[in-house]
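Let the sequences and hints guide you as you build the complete structure.
Chains A and B, in that order, give the protein sequences. Take 1 as the starting number for the first sequence in our numbering and just add one per residue. Take 360 as the starting number for the second sequence in our numbering and just add one per residue.
The set of hints was computed from the structure by calculation and includes no laboratory data. Using N, Cα and C, we set each Cβ at its ideal position, and we do this for glycine too. Take the hints with a grain of salt, since some may be wrong.
Claimed, not checked - A few chain A positions that, by computed beta-carbon distances, are all more than 12 Å from chain B:
no.	residue
1	D98
2	T256
3	F328
Stated by the list, open to error - Going by beta-carbon spacing under 8 Å, a handful of chain A positions derived as facing chain B:
no.	residue
4	V41
5	L45
6	T46
7	V166
8	S169
9	I170
10	L182
11	L298
12	L313
13	I331
14	V335
15	I336
16	A338
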Amino acid sequence: MTTVTTPLPDIHEKTVESRTHRFFHSYFLQKVLKALFTTWVVVSLTFFLIRLLPSNPVELFIQDLVVQYALPYHEARDQAAALFSIDLSQPLPLQYLDYMTGLLHGDLGTSILSPGTSVSSIIQRFLPWTIFSVGIALMLSFTFGIMLGLFMAYHREGLMDHILTVLASILSSVPNYILGILLIIFLGVRWGVISVAATRGTLSPGIEPGLTWEFFKNALYHAALPILTYVLTTIGSWMLTMKSSTISVLEEDYVTVAKAKGLKESRITSTYVGRNAALPMFTLLTIAIGFVVGGSVLIETIFQYQGIGYILLQSVNKRDYTVMQGVFLVITLSVIIANFFADILYSWLDPRIKLGKQE
Amino acid sequence: MGSVFLGAVQSIGATLRIMSYNKVGFAGFIAVLFLLFMTFIGPFFVPLDTKTKVDQIYQPPSAQHWMGTDHQGRDIFSQIVNGGKDVIIVAVVAGALSTLIAVTFGTLAGFAGGQVDAIIISITDIVLTIPQLPLLLVLAALIKLNNIFYLGLILGALGWPSLLRAVRSQALSLKQRDFVEAARALDLGTMHIIFREIVPNMMTYIIISFALAMTGAIYAQVALVLFGLVPFSGSNWGVMLSLAWVRGAIYFKDSIWYIMMPVAAIVVLQLSIVTMTRSLELVFNPRLRSGA
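Here is the structure:
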């Protein structure tokens, strides 16, 4: 079980390098092909899944007209037919072919329910907010989680370790949408620390996006509660993973050797222990980045924060097929790309992975 | 007869003593027992209060209503007692199914290697990448999810990929051990090696995976109900939370008890399952007991 990483001797460096170079190329190519294949499978699957959903956008719109304006059904249907250019009666395989050809040309189509608005413009408008809020949250929780985890490993079985461990397990077992509700109830309504109504949306009216301090401050103000929720619900698992990773590194021989050599404690902590313990964490971070987009649905809905997750739930409820497809494509691609980089990063950090297939 | 009974009591006692080595884990275990008792035995003593009492809405806790009343003046305590069954059944069904899939195919992939491994891993990667939300929605629409059992099966059928990856890497490392090598040298057969040599050594891991899969299922099912993504009838903690939230209950000062109670129930259930795994670890992995 205990595998000791020893640096390769210098003499073999050259031959090993050229060999790994070749290996890397085939490995790299393999990974790219696999990523493309997965993308195709998932995109096709979601295409058909979405069309299997009960009801469809036009039908829902007709229902809406019937309920809201008390129109007779056939009149409502005529209105809807005049409004929407999409032909949902086309056979599925043809629709699929259309969609795939469009996709290959980088065309995601236009929204069914807001005719004339292209799906890519919707994504361009809402995706940055999700990346902004979740990105900041991920960085904060990763950094602090790593630091606290390192601290806990060094003071393990101490009072602080016990307190932090309990805290971390509590935080990681509270569902994020429940924490969101609690934050709204207590911070927003009970104690009135932050006005929930004023922080809805991504920006206050009248604020123009730009490189101004005012814009940045306002954006942060609106994103504060979602960010707090993300950080609190994810920091626990970073702490616990980092702690166990650090503890296993502390038992390695090279740490003992470094201590025996009489190196300074701070140097051992930073270069020998911290760096090696954090290595596997970066792979996890890459994977977590991939889930940024997909994981934002619930929180953004709770806080009415208009990012891509919020749009996704809206389009699911209204069955806006093309928008759903577009957002799912973004989600799928971000997961696949992140996994791809995680694999590459991992094989770069630990060359045994690439060669270790037959092992 | 008597000695068998005595032996059973003794072994249960020994197990409990081992579990109590970890204080936090033991507390979690007690909490899980308490919740099970409350949700499966409790309803016999506390029937569900379904009568609307307009003059008693949003009452704070009192001797009559231990947890206050909801937006229709119904007793919240009775809803909490009666509302756990669905949540726990879904969690257990989902947890069992995804653990079963993950352990069976994870060990198979890790142990068999080659083509089998490649195929299993690519399927896993694809399932991991499919956005879960539309899949859940479609399945929810195609299969009547009013049936708790089906909801559990569906959540279980989607929750296994990350567990499978972890189990596979465990199996890969166990495969290298001497005792597996010895079993192979004795030509004991793949089935024997997987189920008698590898799986027992992963027992700790499997138990923890099961608990984590359960918490994952609880998270997903409450989310589905809360965001109105599955039509849900009946009364359970998820439905309570969803009702309290949708009715804007948070904006009435008096309604805090209504929304806090299902929140507390769900959080306590999650937390006690997670902490319980620490005690279970001690039972299934003797090496941890010595404290070394």
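Answer holds if the nearest beta-carbon of chain B is closer than 8 Å to that of A/V166; otherwise answer violated. OK, holds: A/V166 within 8 Å of chain B, min 7 Å.
Verdict on A/D98 as a residue remote from chain B, using beta-carbon distances over 12 Å: holds (20 Å)
Under the criterion of a CB-CB separation shorter than 8 Å, is A/L182 in contact with chain B as hinted? Because about 7 Å separates A/L182 from the closest Cβ in chain B, which is inside the 8 Å limit, the hint holds.
Taking the least C-beta to C-beta distance, is A/L45 closer than 8 Å to chain B? For A/L45, the interface hint holds, since the closest Cβ of chain B sits about 6 Å away, which is under 8 Å.
Residue hint A/V335, partner chain B, criterion CB-CB below 8 Å: holds (5 Å)
Is the hint on A/I331 kept, meaning its closest Cβ partner in chain B is under 8 Å away? Since chain B brings a Cβ to about 5 Å from A/I331, closer than 8 Å, the hint holds.
Given a cut of 8 Å on the nearest C-beta pair, is the interface hint for A/L313 held or broken against chain B? holds (7 Å)
Does the claim that A/T256 lies outside the interface with chain B hold up, using a Cβ gap greater than 12 Å? holds (17 Å)
When the least beta-carbon distance from A/S169 to chain B is tested against 8 Å, hint result: Holds, because the Cβ-Cβ distance from A/S169 to chain B comes to roughly 6 Å (cut-off 8 Å).
Against chain B, run the beta carbon of A/I336 and see if the smallest gap drops under 8 Å. holds (6 Å)
A closest beta-carbon separation below 8 Å is what the hint needs, so does A/V41 meet it against chain B? holds (5 Å)
Determine whether the non-interface label on A/F328 survives the test: each CB of chain B must be over 12 Å from its CB. violated (5 Å)
Violation of the numbered hints given earlier is confined to hints 3, 16; the remaining hints are satisfied by the structure.
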